[in-house]
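Trainee: Produce the entire structure from the sequences given, and follow the hints as far as they go.
Protein chains: 4
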Amino acid sequence: MKQTKIAIIGAGGLTGKELVGLLAHHPHFQVVHITSNQVDGKHIREVFPDLSHLPDLRFQKHEATIPEDAHIVLATPNEVSLEKAPEFLMQGKKVIDLSGTFRLHDQNQFESAYKFKHTKFEWMDKVVFGLPELFREKIKNANFISNPGCFATSAILPIAILGNLRKKIQGPVIVDAKSGVSGAGGRTEEIKYAYTHVYENFRAYKVLSHQHEPEMEEYSFVGSDPKKIHFTPHLLPVYRGILATIYITFENPVDPKEVKEKIQSVAEKETFIRFYETPEEIEIRKVQNTNFLDIGFTTKGNTLVLVTALDNLVKGAAGQALQNLNLMFGYSETLGLVTI
Amino acid sequence: MKQTKIAIIGAGGLTGKELVGLLAHHPHFQVVHITSNQVDGKHIREVFPDLSHLPDLRFQKHEATIPEDAHIVLATPNEVSLEKAPEFLMQGKKVIDLSGTFRLHDQNQFESAYKFKHTKFEWMDKVVFGLPELFREKIKNANFISNPGCFATSAILPIAILGNLRKKIQGPVIVDAKSGVSGAGGRTEEIKYAYTHVYENFRAYKVLSHQHEPEMEEYSFVGSDPKKIHFTPHLLPVYRGILATIYITFENPVDPKEVKEKIQSVAEKETFIRFYETPEEIEIRKVQNTNFLDIGFTTKGNTLVLVTALDNLVKGAAGQALQNLNLMFGYSETLGLVTI
Amino acid sequence: MKQTKIAIIGAGGLTGKELVGLLAHHPHFQVVHITSNQVDGKHIREVFPDLSHLPDLRFQKHEATIPEDAHIVLATPNEVSLEKAPEFLMQGKKVIDLSGTFRLHDQNQFESAYKFKHTKFEWMDKVVFGLPELFREKIKNANFISNPGCFATSAILPIAILGNLRKKIQGPVIVDAKSGVSGAGGRTEEIKYAYTHVYENFRAYKVLSHQHEPEMEEYSFVGSDPKKIHFTPHLLPVYRGILATIYITFENPVDPKEVKEKIQSVAEKETFIRFYETPEEIEIRKVQNTNFLDIGFTTKGNTLVLVTALDNLVKGAAGQALQNLNLMFGYSETLGLVTI
Amino acid sequence: MKQTKIAIIGAGGLTGKELVGLLAHHPHFQVVHITSNQVDGKHIREVFPDLSHLPDLRFQKHEATIPEDAHIVLATPNEVSLEKAPEFLMQGKKVIDLSGTFRLHDQNQFESAYKFKHTKFEWMDKVVFGLPELFREKIKNANFISNPGCFATSAILPIAILGNLRKKIQGPVIVDAKSGVSGAGGRTEEIKYAYTHVYENFRAYKVLSHQHEPEMEEYSFVGSDPKKIHFTPHLLPVYRGILATIYITFENPVDPKEVKEKIQSVAEKETFIRFYETPEEIEIRKVQNTNFLDIGFTTKGNTLVLVTALDNLVKGAAGQALQNLNLMFGYSETLGLVTI
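Residue numbers (the UniProt record's numbering), protein chains in the order written: chain A, 1 to 340; chain P, 1 to 340; chain V, 1 to 340; chain X, 1 to 340.
Where hints are given, some of them may not hold.
Identical copies carry no separate label here, and so any pair may be met within one copy or between two of them.
Mimicking BS3-like on lysine-lysine, the simulated pairs with C-alpha atoms at most 27 Å apart in a straight line are [stated by the list, open to error]:
hint, residue 1, residue 2
1, K206, K115
2, K300, K115
3, K300, K262
4, K126, K93
5, K168, K300
Derived by calculation from the structure, the hints in this document are not laboratory data.
Mentor: Okay, here's the thing in structure tokens:
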């Protein structure tokens, strides 16, 4: 029975759409309210005609009254989340925010990465980073979740898994990630996302200056010495999926057996982490439309190369949000998500 | 020696760019002036960094003074060509217009197809339709050329080639054409040309209502009874190229030998028309970046199916304009264009 | 409860894979046996690593013993279906054949279209053509279903819907269809399906000689005068989806209201047929991964243009097979298929 | 006048085709003989119908007699080059080998990278590595050139340019490169290059084990201390082009001004090296079908990130071979190649 009501603020984007689609099949969550200032008044199937199983709902303005017993997912730009998250929390609602607004605990770092002033920084004490494989217990008891970035998820989990090994990292960790267009500018009209600019093309963007870089640094090294991460995203002529190639150099030769044990032991107990014997087996096709994070690796001398892949709209956004929703409301974590 | 000076008005679009590229390699034409109201002031290599052999020129406003001894190519929107073509002609310049403004001799038909009032219709007596394979002699003596539409070229030539056969056509000719994105909305920021809307997608547009339909009807049947053409364009997830599948039903069984002879005899004397024995050999890859129009066919009972392909930016626009320029200025027609 | 057991013969291809995926989510069908001579011995998740919800099964040889109480889906080449379908039927099993072997009732036409001798033509009396929207009642009582071809489905249904209008068709019906690669040579190693041959390319194939042409002719005109269909398929640089543009010329002007009423009345009672007001709204993106057949149209004079789209692997193959399975076994026809 | 005769052995592949195309426009080189064991007997335009300006030649077997006064380009697999290069050199011909057979001076390293025994290692004393920007003077006097690998070119030049800076590199240099399909398996029928495996997909291959890795190590550090390079290639759903993201960590903070000066001073005197102010401006579209190597960079702390792009078939193969041919035969180095 659909007993838990959800309102999705900013449901007109690709991430919001993905979550609406996932929740339509979930046995317990009912989407009762969706907003979009751009397409308000339209029926959801007019905006997303390729989804046929969507609930019978119309988009409303962000400011429209929300059913009293609904909880909130924010799929809004940073500036909107900044205002809306505290507002809904103070009304006693549970909130998951998919924007980057409440991910960094260093205010200077935040303002430098996101280029705007954070006026609600007191809420950083209350928010939990919604990476279930790392923070499952905290998420269960949280009212306020900041859902991780898509690139960040592709890097934080594989690095965090390494455990004690992380202490012996030498120099910066290199995260070279490649993303499909839906991770970048899906529904925008900017010329840089025009077919003629993306097709038969490939380029880097925000080299060493992407806002997910400090997020990776903050959460990859929990419990160990902080390390530098240097992150470069690239734009693939592909619709969905991220593949990240992560280069870590240690002080001493790295033992492939030790790495394999660490990843494999996590993959065995985590439903959504899959381990492959060779890094060449990792491909975005295998994770598209799934909530999996696939990991493979190889080593040479002191260097470990991790290759990871995930679907930016699922494990990188809406699927991970659903894991978090399940945990927050006491449902089985994998409910509504396809598993092996 | 580069003795003939050319000004290109509206050189900031894909067609203008293609022509600038072709003329850069031509021994006699010198591009001396380029305009674009959108990027005026910029150097041509800033706007088109993928072209390295471009002349040393900056974009100017459309209204900037043009060197006195320069002739004109208009790669402008219809409304601009309507004003500019007569203006330059009255200054004694030769003009090639790549827009559709001066292609239709029936004013009502024009205004219905192009959705605006044609206030310079007196110039329709002076213009020559720039399809060299049909109107070569007239072009040689013309001061004012209307360059054919890309879709129109893919259909008019193969139908015109059929000669007397055309008299026995029964019912409408069906032209089902498929075009790459550069033929539709190359440099626009419209959401319908965003990567996420074109990639892994396919759709028809302007079904039986495209402005090239009357153009096909006017020029395909020169010297024979007028016939109806029903034209549907479709948008391919491809950068450049048009493939048209043309269905013609005759009153009686069609003789493949007669069709073959007609096409082959034209292909033998026309440099830019290539004939293939089977329609399955026609593919857009073979014509991309060339000025060729490839033609193949098959028959069944009373029906003839022609399959044709061309590059919308070359034979469908800038390459054909260069054929016309060569003819107008007394140079060899194929100069500056790659030939077999 | 999964009470009905299914064996899929030839499950290693794209169609078999799609059906395995659909049945994994179905409440009543249990896939108990899968075969593939190419990958026999392998676990299903080794072969299809992008599907995570697959049942725990290994591929066996075609000749392996099949559980006694299992019914059969044949996703095999024509030559294999020819032998296997009668064999299983004589064992008392229900059979759905996805190949073209049992679709045509004229043996000469079959052998000319499929280029091999049909040695089991006596079974053509017993087979039912599995297009539920046309033959629902017969399917419910059938033991032997021939599942329609993907292109055929995209044309037969919209033409059949026209009803009495079909009697006044003049000349051949033109079906100009465009298909993604998965409809053509998905898992083959032929060079013509290599990336470098399909990407940034477009071509026609089997012009007026595709084996679905006689299938369209046989089933589009049930209950009315037979008419000719001229069919040309084309290969899109797209993974899945078919869009067909169908040109029908009548003896007299065609009344758009009449056409609209016919299509709309069918769309209203058929779950998987959707009607759109304009043909430009039809796009393959809207039907990908769904069992819908979308239809739009326009008219001009005596001519009607229908534009249709479907997913070749779903409504064009595995989804339609599931509709048929549901009907044959007394379940709700739409069970296991996403609906509005 | 076409006074220098060239025979291309192995002209049936994408690299050979590219070179035939370039030489067709060159004023002094005449291709007089082409071989391919796969398509011998066919006319060159049958094999490459998309090239219209090809010379009037038929493919012959590799063993066919070669015109006495012709010099040789080998676009053959390693095993063929191993036999053919010495054979032709002993006949007094000049030879450019595009394979990897004569690039590495450490025989163990060669045999480990290329997986076969090098039986002609004595020729390693006579061969010159054909990277004109580094070894121009040696190339002018050489009879035997080993043309660099495509990935290797994208990394060696930008690293070599850094000059003294290279001495202070700490840890391995990371080269993370992404290549279009023509750089990998253009004309092969392997299933991994099928459209359905490359499209909407992305993956790494030969992680830290590609044969260009030792080539990068050998030539990037000429004149300075040897350093380790860790190289990962990836396969893009793109036809042509390579983009490499190169991460170099130094012992101390790197000075962007010093890096800029080094690159800019080389770019100013080298026709085919272009410098861009920001790494985000580098894109494969800008170098496709050109002989340019584009370079941009950024720095952070001790780390320098270089982003480079080239066309794998031009600067990465045939275009660079033409630079070398021009130098070897005393023509202007840029002849037949488009320049700014």
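Trainee: Could you run down the list of hints and mark each one as holding or not?
Mentor: Now the hints, each set against the structure:
1. Only within a single protomer do K206 and K115 lie at most 27 Å apart by alpha-carbon distance; the minimum there is 14 Å, versus 39 Å between protomers.
2. Taking identical chains as interchangeable, the C-alpha atoms of K300 and K115 lie at most 27 Å apart only when they sit on different chains, with a minimum of 19 Å there against 39 Å within one chain.
3. Taking the closest pair of Cα atoms, K300 and K262 come within 27 Å of each other only inside a single copy of the chain (18 Å); across copies the shortest separation is 31 Å, beyond that limit.
4. When the C-alpha separation of K126 and K93 is checked against a cutoff of 27 Å, the pair qualifies only within one copy, where the shortest distance is 14 Å, while the shortest distance between copies is 62 Å.
5. Proximity of K168 to K300 under the C-alpha cut-off of 27 Å is found in both arrangements, the shortest distances being 16 Å within a copy and 22 Å between copies.
Consistency with the previously given hints is maintained throughout, with no hint failing.
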